[in-house]
Amino acid sequence: AQTVTQSQPEMSVQEAETVTLSCTYDTSESDYYLFWYKQPPSRQMILVIRQEAYKQQNATENRFSVNFQKAAKSFSLKISDSQLGDAAMYFCAYRSAEGGSEKLVFGKGTKLTVNP
Amino acid sequence: DGGITQSPKYLFRKEGQNVTLSCEQNLNHDAMYWYRQDPGQGLRLIYYSQIVNDFQKGDIAEGYSVSREKKESFPLTVTSAQKNPTAFYLCASSIVWGRETQYFGPGTRLLVL
Numbered sequence: 001a002q003t004v005t006q007s008q009p010e011m012s013v014q015e016a017e018t019v020t021l022s023c024t025y026d027t028s029e030s031d032y033y034l035f036w037y038k039q040p041p042s043r044q045m046i047l048v049i050r051q052e053a054y055k056q057q058n059a060t061e062n063r064f065s066v067n068f069q070k071a072a073k074s075f076s077l078k079i080s081d082s083q084l085g086d087a088a089m090y091f092c093a094y095r096s097a098e099g100g101s102e103k104l105v106f107g108k109g110t111k112l113t114v115n116p
Numbered sequence: 001d002g003g004i005t006q007s008p009k010y011l012f013r014k015e016g017q018n019v020t021l022s023c024e025q026n027l028n029h030d031a032m033y034w035y036r037q038d039p040g041q042g043l044r045l046i047y048y049s050q051i052v053n054d055f056q057k058g059d060i061a062e063g064y065s066v067s068r069e070k071k072e073s074f075p076l077t078v079t080s081a082q083k084n085p086t087a088f089y090l091c092a093s094s095i096v097w098g099r100e101t102q103y104f105g106p107g108t109r110l111l112v113l
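Chains as they are written, first to last, in this note's numbering: chain A, 1 to 116; chain B, 1 to 113.
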């Protein structure tokens, strides 16, 4: 079974600075998807960024980018120019691309605080 | 506006009572999912449905039931058999089952009186 580990329960960053959230995963599959979701105090899960495992190029979405290291099974999220609105829980998630892969497997999350 | 709606936002259950959480989407998505979130935890899959009139158990289906009579709707019933129902429940949908990104509704907080 696949597992996702987020080793940093809490992180903090100064406004306008850069922060990196860590995520590692365990799988024997070669084709899969990785996601970062943001959960603000409203508790709605919002997709931040998605990475296909077959793509070597790291995904970027405005101030958000990932460092995807397939061999190391690592998928970190970098937030540049942090804003107060970035404060939230961040969840890393894995989804198999193989048949029968119906679910997202989530890590336990990292709480990000942005200090003004 | 297109999106996923969940109601109610808060729900209170008495001992021995069944309660139903609503999930509706107007995104024309085929697949729908129910997740449960406990404090300090990520989400865990309860049930999912790929097409109308079909659904499958996830990792923690015991004490829950679902139906999928319409493409737009995927209600979740928390039965009296679920002994620890207090949690945050999130509904999600995706275009097709398997490869597509899942998008989430705003969630329902269930509390036991």
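One thing to keep in mind: the hints can contain errors.
If we take Cβ atoms under 7 Å as the criterion, some of the chain B residues that face chain A in the derived model are [said to hold, decoys possible]: (1) 22; (2) 39; (3) 42; (4) 43; (5) 45; (6) 101; (7) 104; (8) 107.
Quick caveat, the hints were computed from the structure, so don't treat them as lab data.
Backbone N, C-alpha and C define an ideal beta-carbon position, used for all residues, glycine too.
Results for each hint:
1. 22: violated, 16 Å
2. 39: Where the cut-off is 7 Å and the nearest Cβ of chain A is about 10 Å from residue 39(B), the hint is violated.
3. 42: Hint on residue 42(B): holds, closest Cβ of chain A at ~3 Å, below 7 Å.
4. 43: holds, 5 Å
5. 45: holds, 4 Å
6. 101: holds, 6 Å
7. 104: At about 4 Å, which falls below the 7 Å cut-off, the nearest Cβ of chain A leaves the hint on residue 104(B) intact, so it holds.
8. 107: holds, 5 Å
Of the numbered hints listed earlier, those contradicted by the structure are 1 and 2.
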